[in-house]
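*Asks:* Construct the complete structure from the given sequences, taking the supplied hints into account.
Each residue of the sequence shown is one higher than the one before, counting from 1 in full-length UniProt numbering.
Think of the hints as simulated: they come from the structure by calculation, not from any bench.
Ideal Cβ positions, reconstructed from N, Cα and C, are used throughout, including at glycine.
Do not rely on the hints blindly, as some may be mistaken.
As the list claims (entries may be wrong) - Think about it this way: if two alpha-carbon atoms lie no more than 25 Å apart in a straight line, the pair counts; the simulated PhoX-like pairs of lysine-lysine are:
hint, residue 1, residue 2
1, Lys159, Lys262
2, Lys262, Lys142
3, Lys215, Lys262
4, Lys215, Lys159
As the list claims (entries may be wrong) - If you anchor each label on the Cβ, the simulated ranges turn out as follows:
hint, residue 1, residue 2, range
5, Glu157, Gln241, 37 to 43 Å
6, Thr44, Arg284, 20 to 26 Å
7, Leu57, Arg284, 23 to 29 Å
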Amino acid sequence: MRMMMMLKPPLLRWKHWRTVVVATGGLTGLAASIALKQAWDLRTQWKCLRMRAAACLGPMEGLEGPRWLPGRHAESSSSRMHDHRPILLLFLGDSLVSGVGAQAHGAPVPAALPRNVAVHLADRIGEIRWAAVGITGADVEKLTAVGLPRLREKVEEVKEYTERLEPAQRGAFATTVKACNDQVAPEVIVVLVAGVNDFRRLRLGYRLRLRRLVKDLGNLAGEVRAVFLPAVEMADAPMLQRYPLKLFLLPLCRLWEREKRKAVGWCDNAQVLPFPLPPPGVRREAFFSADLMHPNEEGYDWWARSLADQIHQQLSQGSGDASQ
1 MRMMMMLKPP
11 LLRWKHWRTV
21 VVATGGLTGL
31 AASIALKQAW
41 DLRTQWKCLR
51 MRAAACLGPM
61 EGLEGPRWLP
71 GRHAESSSSR
81 MHDHRPILLL
91 FLGDSLVSGV
101 GAQAHGAPVP
111 AALPRNVAVH
121 LADRIGEIRW
131 AAVGITGADV
141 EKLTAVGLPR
151 LREKVEEVKE
161 YTERLEPAQR
171 GAFATTVKAC
181 NDQVAPEVIV
191 VLVAGVNDFR
201 RLRLGYRLRL
211 RRLVKDLGNL
221 AGEVRAVFLP
231 AVEMADAPML
241 QRYPLKLFLL
251 PLCRLWEREK
261 RKAVGWCDNA
271 QVLPFPLPPP
281 GVRREAFFSA
291 DLMHPNEEGY
301 DWWARSLADQ
311 IHQQLSQGSG
321 DASQ
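*Replies:* Below you can see the structure in the form of structure tokens.
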């Protein structure tokens with residue numbers, strides 16, 4: 001009798017934990033089935049919403065100069081411009097590079113993210129030539145097969161264009177490109193925006209393909225100073241703010257961003273740039289377009305300003321290390 005009384009509490013505890021496990025498993029299964037239903041409904045809704053946002057119809061390359069104010073900043077601005085070699089800023093990516101969501105008006109506008117990054121970066125370090133290749137819906141495999149050759153063509157077009165300009169029209173960038181025969185060449189900065197369209201791929205395959213693409217970009221043209229990969233917070237899109245779907249989507253997005261960091265871990269001069277937090281008092285929804293997935297004009301500009309700050313900081317640190 002005493003033996004049975006001693007065995008009873010462990011048996012009760014076992015039954016208790018078994019009930020908890022069964023209940024938790026049932027709730028998880030129910031949440032997963034609801035999330036799958038929500039994902040299917042979103043797929044149908046997306047077919048309608050995607051027509052509300054178009055890619056930028058303007059130029060995919062350009063030359064941006066500093067917007068420094070005259071006066072007390074003029075001398076320091078001029079010295080900063082001479083301290084830095086001209087920069088060729090190259091972008092390769094998906095719909096975030098082609099600017100889906102930023103073409104709000106009828107007049108064609110340049111690729112929003114590349115152009116805005118170039119504008120804000122030019123304010124900090126001087127004149128910048130930029131060029132971009134954006135392929136809406138492209139995964140890493142398509143960016144490698146189709147986007148990379150196009151980007152190489154862009155680089156050659158930029159060189160040919162600057163060589164055709166008159167000396168008075170070239171500016172600092174073109175003058176330096178023309179002086180390549182004197183062993184002076186512009187620094188090349190590459191920004192790769194990828195990963196959002198790779199969720200249907202296996203995790204390891206995504207990492208390996210991304211690593212190969214980053215290495216190819218590192219050998220793209222001349223002296224590639226750095227390859228930057230902006231982190232993307234896809235789970236913040238207003239269209240995806242549905243529970244329990246977000247409970248499953250958020251860990252998946254974080255896992256893919258972690259794979260992005262692992263992919264560049266063995267690559268020289270490659271780095272993932274964190275996604276910025278929204279300004280105080282501003283909701284994230286204010287930065288999204290009518291399709292509820294892509295940024296609007298303000299969203300691209302806000303993101304570009306943060307990327308320009310981070311790129312400038314990394315370039316400054318690199319220059320400081322080199323001087324030491």
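*Asks:* Evaluate each hint against the coordinates.
*Replies:* Hints, verified against the model:
At roughly 34 Å between alpha-carbon atoms, Lys159 and Lys262 are farther apart than 25 Å, so this suggested pair is violated. Note on Lys262 and Lys142: the hinted pairing holds, with a Cα-Cα distance of about 21 Å set against a maximum of 25 Å. Between Lys215 and Lys262 the CA atoms are separated by roughly 14 Å; this keeps the pair inside 25 Å, and the hint holds. A C-alpha spacing of about 22 Å is found between Lys215 and Lys159, which places the hinted pair at or below 25 Å, so the restraint holds.
For Glu157 and Gln241, the Cβ-Cβ distance of about 41 Å falls inside the hinted range of 37 to 43 Å, so the restraint holds. Thr44 and Arg284 have their C-beta atoms about 24 Å apart, which keeps the hinted 20 to 26 Å range intact. Separation of Leu57 from Arg284 is about 26 Å and conforms to the stated range, judged on CB atoms against 23 to 29 Å.
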